[in-house]
Amino acid sequence: MFKNYFKIALRNLERHKAFSVINIAGLAIGIASCLLLFTVVKYELSYDTFQPNYHQIYHVVTQDKFEDGITYNPGVPIPALEAFRNDFPQIITGSLFASYGSQVTVMTKNASTSSDKKFIESTGFFFADPQFFQVFQYQWLAGSPSVLEVPDNTVLTKKLAEKYFGDWKDAVGQFLKLDNKITVKVSGIINDPPGNTDFPLAIITSYKTLKANAQLYAYADSWNSLSSNFEVFMLLPKNVSASNIDARLLSFSKKNYVVRNSVKTSFLQPLSDVHFDKRFPNFGDHITSKATLWTLSLIGLFIIVMACINFINLSTAQAVGRSKEIGIRKVLGSYRRQLFAQIIGETALIVIFSILLAVFISILCLPFIKHITSIHEPLGFFNTESILFLIGLGAAVTLLAGTYPALILSGFRPVLALKNKITSATVGGISIRRSLVVAQFAISQILIIATIVAITQMSFVKNADLGFNQQAVLLFNANGDSIMHSRQQSFKQKLLLLPGVKAVSFNADAPSSDNGWFTNFAFDHRPDEKFQLSLKFADEDYFKTFQLQFLTGKPYDKSDTIKDVVINETLVKQLGLKDPQDAIGKEIRLGGGRWNTIVGVVKDFKTSSLREAIKPTLFCERKEYYGVTSIKLNSSNITKTKAAIESLWNQYFPEYAFTTSFMEDNIKQFYEQEDQLELLYKIFAGIAIFISCLGLYGLVSFMAIQKTKEIGVRKVLGASVKNIIYLFSKEFTILILVGSVIAVPVAYLMMNHWLQNFTFRIKMNVGIFLIAILISVIIAWVAVGYKSIKAAVANPVKSLRSE
Amino acid sequence: MLSLQKIFKWYNNGVNRTFVLKDIHLDVAEGEFISIMGPSGSGKSSLLNVIGMLDEPNEGSYTFMGEDVFKLKEKQRSQLFKTHIGFVFQAYHLIDELTVYENIETPLIYQNIKTSERKSMVADMLDRFQIVGKKDLFPTQLSGGQQQLVGIARALIVKPKLILADEPTGNLNSKQGEEIMNIFKELNNEGVTIIQVTHSEKNAEYGERIVNLLDGRIVMN
Ligand SMILES: Nc1ncnc2c1ncn2[C@@H]1O[C@H](COP(=O)(O)OP(=O)(O)OP(=O)(O)O)[C@@H](O)[C@H]1O
Ligand SMILES: [Mg+2]
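For the protein sequence lines, the chains are A and B, in the order given.
Each residue of the first sequence is one higher than the one before, counting from 1 in this note's numbering.
Each residue of the second sequence is one higher than the one before, counting from 1 in this note's numbering.
In case anyone wonders, no lab produced these hints; they're calculated from the structure.
C-beta: ideal position from N, C-alpha, C; glycine also.
Do not rely on the hints blindly, as some may be mistaken.
[Claimed, not checked] Facing chain A, a subset of chain B residues (Cβ under 7 Å, in silico):
| hint | residue |
| --- | --- |
| 1 | L80 |
| 2 | K82 |
| 3 | I95 |
| 4 | E97 |
| 5 | T99 |
| 6 | T106 |
| 7 | P107 |
[To be verified] Derived DSS-like pairs (lysine-lysine); straight-line CA-CA distance at most 25 Å:
| hint | chain 1 | residue 1 | chain 2 | residue 2 |
| --- | --- | --- | --- | --- |
| 8 | A | K7 | B | K135 |
| 9 | A | K324 | B | K134 |
| 10 | A | K3 | B | K119 |
| 11 | A | K563 | A | K530 |
| 12 | B | K135 | A | K3 |
| 13 | B | K161 | B | K119 |
Here chain A stands alone, though its shape is the one from the complex (with noise of 0.2 Å):
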């Protein structure tokens, strides 16, 4: 019997092989579109499940609240590491301290001198204890977790380590310096952790060694200080559960934590949390939340379904064709589930192929993963859960795809059926057809407006008015240590001496970044306000080299500490003043310090990315954490002054390295998810765009097919081409008008609720949606023009005849 229905369903895509094409080529990009966003979903939900301890591990997190909102760190002040070991003595707690941007200096063999390897290692620098890796589990392929028992001792990563000495067998009992002040020896090696992982570990140090190294690292050993490098994780035993423990910090926050203006408590976030909580950034390259991930899902059901609905559309109205066959076998005796079992058999022989073509394609498109999420290792389908994957995507289409065709079919009256009665107008009701074809176009409709909308907030967010100037910037990072201050001022002269640079800063900070400095303080002799402001520690020379514009004052003189300091737009008026110049010569305290008075006003810029408001903020000079070197440049013969810059730096700091940033490229940075977003979105949609005009054109050639004779009656009764494509067009375009009432309302609040996630963001206005309507419009139009106008302009005595 499936020998049987497998000849016949070959030679029916054979017989058919337009609807073939359209149903296989359909349904294996919606295949494929779901496999890939499935292994994007799927690497995503993984990270540290690798972790043997996955479900038992904890990061203590601390919340801050002000009396208007909460603030959240990722970190936990560094005595409270050794509060909780006593606290809490059946739980083992383990600590990661991150350093970002750290040198890291390769020694010869008898750690007499410095190599010139020198390398500046954005991540994966930490000061760990042993402890850390009774948590966290890795395979140590030399020396074992307590060699960071022991001070100047480090651990590298097999990758690190091959970087630095070739061989990591070499490594082993080398020594090297760590920002030109440490000397520590190679005691330990782990094996790489897999790319999947928030703890991006590479070389890690022993926490004695932070210790004494406290300034440095600005290891603050205090309750006061609350950084988000300085994290702790806690293993919890099997019998203690976390709300338990959650309880107790609770207890412990208010005994340990200092209450000024705001009220901190710590708590426990688990370890499956750690990939996917926007409030507490991690060590690893990302963060994907959780509604991203729906997203992703979402898209890749619509799509599916959207590939499902052209194969009943197709089928349904094919089945007209097949109507004698069906009416035959059940004058033959085939039982109506006989022929629901066959119709189904079909379908899954046309997933299977479509299943196959899918996996061709994504092969060929997973290169291009990278571009539209922030997985940077190569991904692969040829996994347990892939495959399973497919085979219950491919069960799941076969089922929603062929049921409603196989129940139509099937349920033909012989009688009918062989009458040749069955017409298109009344198999399984055109309103399904319609509904369907309604469904198709709102989906595709959702997706060019979610499109429009976030390359219009991209192209905004992108051309925004920073408030100053970013063009041509360069920065360069390094530590800043006493040996670099000490020689910064004539490295200045210099550099200002070279005609390609226009003004150069030293600074701790650009204008608009991610990190922030916040601290209480106190206006004009007032008690402590309310809020925080966030510091900028800059020399007199930013204002220029940035281009700040001044709404009153002046930029403060030139200053090794803090002295007179600069305020901008923001937070004058969080303070109640009403104009600027009211602020001008008012005294300003910072945390429990001296009162400085303020000499400037800045005009407002943007401090951040523009998710996030414009926070209050305070310049003002604090040598000791400049590390950060800021030299606006002539826009012209940048290659050429960077390459003086650069001789100059190895002449000033021969063991420093020289690694630089445009700021430009820093800015684009921070919207490098929305971007992939908008990525997805455009690709998304115009696979949905293509596959409904995929179900179109072939719904269109179907009608034209069937309306040979109509169209053939009408033209000998004097219809002109215009009326015959008009009876075409005027349907579709009823149902994508229709379409547009369903997509409009669902897509305005899904982009509403996206563009929340923007303090700057656009408005929606009509035009978008008229744009995505009239899109549709004429996409569709394109898609059955071609062939309605063939069937308009064919000669009517020839269909005639045919009959």
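Fit chain B with the ligands to the given chain A structure using the hints.
Below, chain B with the ligands without anything else, positioned relative to chain A:
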């Protein structure tokens, strides 16, 4: 073998009721060869469809081989008919996507007959109608007469006790028609009951009994 009592069939069209079959009584004994005749639109096909259970009447009772057809469950009814009845149509109604061989084989598949057995049964049929050479051709590659032979072969393959033929020679020339009628005669001699609808007096003569229909009623003669 079968008995129709007080069969009525009608179509509602608007307020009017169009009667297609009116008060039909018909008893058919095993081994009979009956010809149904009547003008176009008189209800011949409708009657045949009721006998073959392709269509249900609105009123009346129907006994087939001792079973009250309307009291049977759908499945039993289907079982009853597919083992006992073979259909032959004016328009042949072969499945275009299947070869001659496969067309003849199809009813056996629905009766779950084993492959080896099917092979020999189909081979017998091909032999009998001398169409062995055509077995791999598709219906569209055959002449009308050849197609009808395949149609008959397909009807006979299940060894039916009753053959229902709706204008089996309607699309054929007189020579082909004669050939088909001879086959029917032969089958009838072997004991198969045959009910055919025909417009041709000559073909009707092959039968032993003629049932005349006029406006859905059997006209006594
Ligand atoms: N679906 C239907 N709705 C209404 N009337 C119908 C329907 N199907 C058949 N009829 C009517 O039933 C009557 C009998 O039709 P039937 O096909 O049985 O005639 P026939 O005797 O086989 O004619 P012919 O010799 O032309 O094949 C006709 O008058 C036809 O119009
Ligand atoms: Mg008829």
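How the hints compare with the structure:
no.	hint	in the structure
1	L80	violated, 10 Å
2	K82	holds, 3 Å
3	I95	holds, 5 Å
4	E97	holds, 5 Å
5	T99	violated, 9 Å
6	T106	holds, 6 Å
7	P107	holds, 4 Å
8	A:K7 <-> B:K135	holds, 16 Å
9	A:K324 <-> B:K134	holds, 22 Å
10	A:K3 <-> B:K119	holds, 14 Å
11	A:K563 <-> A:K530	holds, 24 Å
12	B:K135 <-> A:K3	holds, 17 Å
13	B:K161 <-> B:K119	holds, 22 Å
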